[in-house]
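**Student:** These two chains come separately, so use the hints to put the complex back together.
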Amino acid sequence: MTEDPVLRVEDLSVDYVAAAGTFHALSNVTFEIPPGRVVGIVGETGCGKSTLAHAIPGLLPTPPARVRSGKVVFQGIDLTALPRWKLPTVRGTGIGMVFQEPLNSLNPAYRVFDQVAEAIRVRRFRERGVPAARADRGPFDYSRRAPPSASSTIGRPFLPGGAVEERLKARPMTPASLKEEVLEALTLVRINDPETILRLYPHELSGGMRQRVMIAQALSERPALLIADEPTSALDVTIQAQVLTLMKELIDEVRTSILFISHDLGIIAEMADDVGVMYAGRLIEFGPVASIFGRPRHPYTRALLRASPDRSKSEGPLQSIPGSVPSLARLPAGCAFHPRCTLARPNCSVDPGPPLAPLELPGAEGHRSACWYAREVDA
Amino acid sequence: MGRSITDLLWFIGKRLLLLIPLVLGVTAIAFILIRIAYPEPCVIWLGGHAKQSAVNQCIATFGLNKPLVVQYFLYLQQFLSGNWGISPDSIPVLTSIAQYFPATLELVVASLALIVLIGIPLGVIAAQSSGRWPDHLVRIFYLGGWATPTYLGAIVVAVFVAPFLGLPTSGQYSRPPPFPLVTHISVLDPLLAGNLPYVGDALMHLFLPAATLALLNMGIITRMTRTSMLEVLPLDYVKAARMKGLAEFVVMYKHALRTALISTTTVLGITIAGLLSGTVVVEEIFSWEGLGQFAYDSITSSNIPGTVACVVIFTIGAVVANLLADVLYGVLDPKVEWR
Ligand SMILES: Nc1ncnc2c1ncn2[C@@H]1O[C@H](COP(=O)(O)OP(=O)(O)OP(=O)(O)O)[C@@H](O)[C@H]1O
Ligand code: SF4
Ligand SMILES: [Mg+2]
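Same order as they appear, the protein sequences are chains Z and U. Using my numbering, the final residue of the first sequence is 379, and nothing's skipped along the way. Using my numbering, the final residue of the second sequence is 339, and nothing's skipped along the way.
Since the hints were made in silico from the structure, they are not lab data. Bear in mind the structure is a predicted one, so any value in this text is a computation, not a measurement. All C-beta atoms in this analysis are idealised placements derived from N, C-alpha and C, irrespective of residue type, glycine included. Hints may be right or wrong, so weigh each one.
What the hints assert, rightly or not - Straight-line C-alpha distance at most 27 Å; calculated DSS-like pairs for lysine-lysine:
| no. | chain 1 | residue 1 | chain 2 | residue 2 |
| --- | --- | --- | --- | --- |
| 1 | U | K51 | U | K66 |
| 2 | Z | K179 | U | K335 |
| 3 | Z | K179 | U | K254 |
| 4 | Z | K86 | Z | K71 |
| 5 | Z | K86 | U | K66 |
What the hints assert, rightly or not - One-sided excerpt, in silico: chain Z residues whose CB lies under 7 Å from chain U:
| no. | residue |
| --- | --- |
| 6 | L59 |
| 7 | R91 |
| 8 | F99 |
| 9 | E101 |
| 10 | A109 |
| 11 | A119 |
| 12 | V122 |
| 13 | L200 |
| 14 | Y201 |
| 15 | H203 |
| 16 | G207 |
| 17 | M209 |
The shape of chain U in the complex, shown without the other chains (with noise of 0.2 Å):
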């Protein structure tokens, strides 16, 4: 016990362990769920006027006829030997995946490094001002934000703001890349492939989508943040700082932030969550090529495999967010001990 990396490891390693159980709780029960949704996915397949002899083959060739426990080990089987079904266009779901995750992951980073960006800073001017304008001003935006529904917010910037600022709103190029797709990261490849213009391209189409992310999910954080800044504002550390002669911003970033964000760290499992689920709608809106977008198509067209696939990854997302959020808790916070 301690605050080694070697002791940082074990932390980690345990609590990656835990996902194996998770994963097999979550699979379970979206598979039993789909199959609640779905009773007779041959006949969605095949269509309402299929034959049934048409469907009684695609059942058995499915072992849709088998007990539902036996059909969930089989499909867990093949999940873990790395075939995890095959989508109505017969592209594997793990290859989809491949392609698409980090797209999504592309989009959270970058909307998180907004929130961080802007969120944290905003809690912090509106502890130093609470309750004059700049905090009431602060407050009507993270709630705007927090209340608005993602689908609504992400229309109105897609539909209004971004004419405004002249902004492309659809996809992550705005004409085909010349270059190979790598790391399905849009800003990435270019970089890979040394096009800088495409860099730009690819920065311009993800700002949108991004920016809509962290505004709808920076809410939690900046509460937060102004909440432990009120905490900690009052200390006598902070005054300490001050009377080393250190101007305000070093006192209120490098000291009393220091210390609040042990607090905001808290938060940033829920707003990693909140910023995943969110892809479903602001990828489908932005046409952003991604997970979320998948996960939509894949629960409008019916598709199991893909939909169980996207259930099981963001599961994983959410679990290694809070994961995050604890190591970063400890990290910032000497008084942890990895346990």
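Chain Z on its own, in the form it takes in the complex (with noise of 0.2 Å):
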């Protein structure tokens, strides 16, 4: 791997300052996503997933969420270093994101066609104006054009919301021109009668429908980075194939990078090219695919994959994992794992725990593990 990640996110710890204590969320979180390469987390519910997601373009609430270190370096630029103002010059044609409860992720008040529209906009508007030349170009193929970078967006002078519409208006974009995009987009994510949907308000539309609205929209602004936070979970398991085979399509069609986040494992193994495994706030595990669903390296790794009913490798009877996730707001000392672990010795509880590190094994190039006996691991 010699291109420079798309996204580097370094010992990322993030804190939740409640009355009831401060919770742990995320605790020295480290890995990257190199270019066009689609990236799985994880984890079993709370355990920090969608913090993390949010944590990256910067959306979560502060307070109560705080970040306590690290950096998310996006392109080159360290996003928790930016002042807050500039922010929205990284999203949506830098990362863009799908939500994971499709219910509330469109504003209930405005049209399908007006939300495409408004992500088109302000990609072209990025795009300097200028309505891309259509002809000589196939729709949405990134390997054509490079995205915009962050640092071009960042290094050109900052104009707030209201002088981009205003602007806008002043020199429209033919309305023409913006509806074919927003039926394209439409198009993209297979939703058979665009003409109808984007004069629908979103409480008209069916929550697959409405993921694939938000997915349409996303991509519009053709990110270099798509943050997928669950975004089939909410959706009846029929609905859930159909949108997960539209995922997979659309990762081959558009070539960006994805960090997709999913608590099934069967999913992740089907997706994703890497894979990092969470716990309790941490990276525990992280490795490609065949590496890491072949041959964990991890004690919980290991228990997940002989929990999960649909594994693929593991042999064996299902076997629930002992114990219980510890509270966020009170961590075991040393490895977040060690009251449940089956390979646990004394020295596992002893601060500072282990940390995610390369195994230097034959055979597991990029394989790393945060377990101090990772060799000692069976499969």
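**Tutor:** Printed below as a string of structure tokens:
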């Protein structure tokens, strides 16, 4: 991997400061996303997946959230050090996002057209308001045109949103071309009757349809990085399958880098190139999909695979993990997994816990595990 | 059933029909209350030392010896045929209403505009900074306005604030206007006559009474905006709007406030009703020649037809305000179907 990663999360720690105590929602999370790759993050509910997804583009509400340490380096720029008012310049065309809850992720007051068109306008404005020459270029082929880099958008003088809207009015991109692009975006997500759909309000759409619109909206800005936070968890099983198939096809089509979050190992195995496993706010294992699922090097990952009903690789009876997830307000000392770990030894409960370290084993390139005894974990 | 213009017109039509029984009820209540308040109006009109024969004559003229129900129907008959009675200064009540109502409407619309322009953004700011000092400052501001009695607020503004700002506190114009008062709307009349200096003069005179009314009635709107913004802000579509790359200002006002306003419209009717009743005191203190002052004068000068007419007009005003709020609610919320 010689190319610079699109995103590098370095030692990121996030707390929620609440009346009940300080919740360490993320502790020293480190990983990177190389260009064009799909990185999956998997973990049980409450382990901090959404916190991670929201922390990257600076979406966390502060308070209660507080970034305790670390950096989020997107295309060479540390977003945690960026002034708040500059963050919008990175969002949309830089980092796009699909949310967990399709019921709430579209504004109920605006028609589908207005919501998608707004996203397209933001992108076109960032491309200096010049309507792209359309003829020579198939829809959504990122490979032919480099997406705008964050450094180029940030370097440009910042215009507040109001001015953006006014500039657009002063020199309108023709409504016809805008509509054409909205239709194109909706067609991309396999909406059969886009002409009808774009006149509807979100409450007139089904959950699956809303999530498609959401995906269309995010992709229409051609982001360099797309974050999908459990995009299918809230959907019915059949719709879930449809949306997953769609996302899988889109991953091949649009060739953008994706951070795909899910609590479902099967989905991650199917979608991702690299996988990160989270436990109690820590990234405890990270590496290529085949390596992680074929030869887990952390006792928690191994236990998770054995507890998963649709595991593809491991054999033997289904096993649930004994004990329960620790409270993020009172994390155990040392390795957070030691109270439940079958391999645990006395030094596992001594601070600081094991860092996420490369394995240095043949056949495990790029595989990192946060366990003192990673080499002893059997498949 | 749907959201087309015809559906909306049907909805408005049906709601306006409801005005008929309402006006009947309100006139009846006002009529009865006033007869309780003035058991012998002829004695009041003619003075305590009037001869009994004169009083009897008066009673006969006005039909006050007939049963109350009959009196009410006689009144209603006249009321519907456009005879709303005559004030003691022998000006027909309807003429006064036609003259004063536009002035009050102007005052109410002006203060409503101030509430929308100041009260709603204050609610947004309070929600954005919830729990921090701008939020507390806004709360003190609107609770203060809310808790202040109208007369006290109006007097404080007229006596202490007005000299400080150098703004007039009395009437609609500084000098008698040289143009005909066609609409009786103080800003519109000089505009129609093309007399721009008088437009400025009228605006200066309008500002303090409108601002006083607005400050005293802003609380509910600001509070409701803050509450519903706090409900909307954590929702994913606000984050989704941010993730489009929109500036925070656009996220707040185009996306979050747009849906938060749906709840705010539910208190719009109450606010307008508050403004209408506030005009009685504010117009009196600022010598604003409007319906509020007419109502005040009618009550204090035992002008019975004038008082009843004011009650009716204020009632219709409150009902129309609520209808307006309902229509606005439906326009803002795409889920509403006109029924
Ligand atoms: N606003 C908040 N205030 C306090 N604690 C919070 C807040 N938001 C999240 N948390 C806590 O942080 C932890 C991580 O939450 P997060 O939403 O990131 O989990 P998740 O992995 O996305 O879970 P899920 O699979 O249910 O979406 C949870 O234990 C939660 O209780
Ligand atoms: S560090 Fe120790 S407790 Fe933690 S996973 Fe490894 S063996 Fe188990
Ligand atoms: Mg989540």
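**Student:** It remains to establish, for every hint, whether it holds in the given structure.
**Tutor:** Now the hints, each set against the structure:
1. For a cut-off of 27 Å, the pair hint linking K51 of chain U to K66 of chain U stands: about 21 Å separates their Cα positions.
2. Proposed proximity of K179 of chain Z and K335 of chain U is supported: the alpha carbons are some 24 Å apart, at most 27 Å.
3. At roughly 21 Å between alpha-carbon atoms, K179 of chain Z and K254 of chain U fall within 27 Å of each other, so this suggested pair holds.
4. Proposed proximity of K86 of chain Z and K71 of chain Z is supported: the alpha carbons are some 16 Å apart, at most 27 Å.
5. For the proposed pair K86 of chain Z and K66 of chain U, the alpha carbon gap of about 79 Å is over 27 Å, so the pair is violated.
6. A least Cβ separation of about 5 Å between L59 of chain Z and chain U falls short of the 7 Å threshold, and the interface hint therefore holds.
7. Checking R91 of chain Z against chain U by beta carbon gives a least distance of about 4 Å; that is within 7 Å, so the hint holds.
8. Checking F99 of chain Z against chain U: minimum C-beta separation of about 4 Å stays under 7 Å; hint holds.
9. The criterion of a C-beta within 7 Å of any C-beta in chain U is met by E101 of chain Z, whose closest approach is roughly 5 Å, and the hint holds.
10. Interface restraint check: A109 of chain Z against chain U, minimum CB-CB distance 5 Å, threshold 7 Å, status holds.
11. Given hint, A119 of chain Z at the interface with chain U, holds; its Cβ is 5 Å from that chain's nearest Cβ, closer than 7 Å.
12. Because the smallest distance between the Cβ of V122 of chain Z and any Cβ of chain U comes to about 5 Å, under 7 Å, the interface hint for this residue holds.
13. Residue-level restraint check for L200 of chain Z is violated (minimum Cβ-Cβ distance to chain U is 9 Å; threshold 7 Å).
14. About 4 Å separates the beta-carbon of Y201 of chain Z from the nearest beta-carbon of chain U, less than 7 Å, and the hint is met.
15. For H203 of chain Z, the suggested interface contact is upheld, since its CB lies about 5 Å from the closest CB of chain U, less than 7 Å.
16. This hint is violated: G207 of chain Z has a C-beta 13 Å from the nearest C-beta of chain U, more than the 7 Å allowed.
17. The criterion of a C-beta within 7 Å of any C-beta in chain U is not met by M209 of chain Z, whose closest approach is roughly 15 Å, and the hint is violated.
Against the hints set out earlier in the document, violations occur for numbers 5, 13, 16 and 17.
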